[in-house]
Amino acid sequence: GESVGLHLPTLSVQEGDNSIINCAYSNSASDYFIWYKQESGKGPQFIIDIRSNMDKRQGQRVTVLLNKTVKHLSLQIAATQPGDSAIYFCATGSARQLTFGSGTQLTVLP
Amino acid sequence: DAGVIQSPRHEVTEMGQEVTLRCKPISGHDYLFWYRQTMMRGLELLIYFNNNVPIDDSGMPEDRFSAKMPNASFSTLKIQPSEPRDSAVYFCASSFLAGAYNEQFFGPGTRLTVL
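Protein chains in written order, with the working numbering: chain A, 1 to 110; chain Y, 111 to 225.
Some clues are possibly wrong.
Said to hold, decoys possible - Dumping the calculated DSS-like pairs for lysine-lysine here, alpha-carbon to alpha-carbon at most 30 Å:
| # | chain 1 | residue 1 | chain 2 | residue 2 |
| --- | --- | --- | --- | --- |
| 1 | A | K42 | A | K56 |
| 2 | A | K56 | A | K68 |
| 3 | Y | K188 | Y | K134 |
| 4 | A | K42 | Y | K134 |
| 5 | A | K71 | A | K56 |
| 6 | Y | K178 | Y | K188 |
| 7 | Y | K134 | A | K71 |
| 8 | Y | K178 | Y | K134 |
| 9 | Y | K178 | A | K42 |
Please keep in mind that the hints were generated in silico from the structure rather than gathered at the bench. This structure is a prediction, so every number in the text was calculated from the model and none was measured.
With the rest of the complex left out, here is chain A:
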């Protein structure tokens, strides 16, 4: 069945450094990929998405990279700030369904 997993359950970075959060997925039929951010006590919030016909997409301080060959997705956060501390989920899907990964806790150190 479908599984979406994360390489590292926790990640600590110094404020100002870049962060990289990784995600592996198993369903080769997935054609849409999303990163969500979940702050403590809140629901997940959309950050950035990418379709399978792309391998890179940039937003404000965030970049998502997609490697369909190895079914790997990553989220890069530039100049990490204290407000970036949260759990980050990758989600994969198609027109009908979205499957969430288990999440990575990002902690930004002062």
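Model the placement of chain Y on the given structure of chain A, informed by the hints.
Coordinates of chain Y only, in the frame set by chain A:
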């Protein structure tokens, strides 16, 4: 818009009691989703509705769980009887369209503790 509204934010109950979680989706959104989040299993889709009609309830754990959407602005998730293993954070989300291509907006969640 106030976003997706859930109540209560926290619920503590004893095993065997009935629990009802409530959700008000964003106005104009035709899709409503119920998720459960635990450390062990992450975020799991329980059920989703389209125009108040349940479309896929394959994620509902067992018959103790039921969900309704009597109108476009209100949905409930009921657990009867509740068990300690039901302890989790339950999220409601809504979207304008279905599927992965359309952003789901999540509520703040209800943290359920069953003693």
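Each hint tested on the structure:
1. A:K42 x A:K56: 28 Å, holds
2. A:K56 x A:K68: Satisfied, since the Cα-Cα distance of roughly 11 Å is no more than 30 Å.
3. Y:K188 x Y:K134: 15 Å, holds
4. A:K42 x Y:K134: Answer holds: K42 (chain A) to K134 (chain Y) is near 16 Å, not above 30 Å.
5. A:K71 x A:K56: 14 Å, holds
6. Y:K178 x Y:K188: Between K178 (chain Y) and K188 (chain Y) the Cα gap is close to 8 Å, so the pair holds against 30 Å.
7. Y:K134 x A:K71: 36 Å, violated
8. Y:K178 x Y:K134: Distance ~12 Å between K178 (chain Y) and K134 (chain Y) Cα, so the pair holds.
9. Y:K178 x A:K42: 24 Å, holds
Hint compliance for this structure: hint 7 alone is broken.
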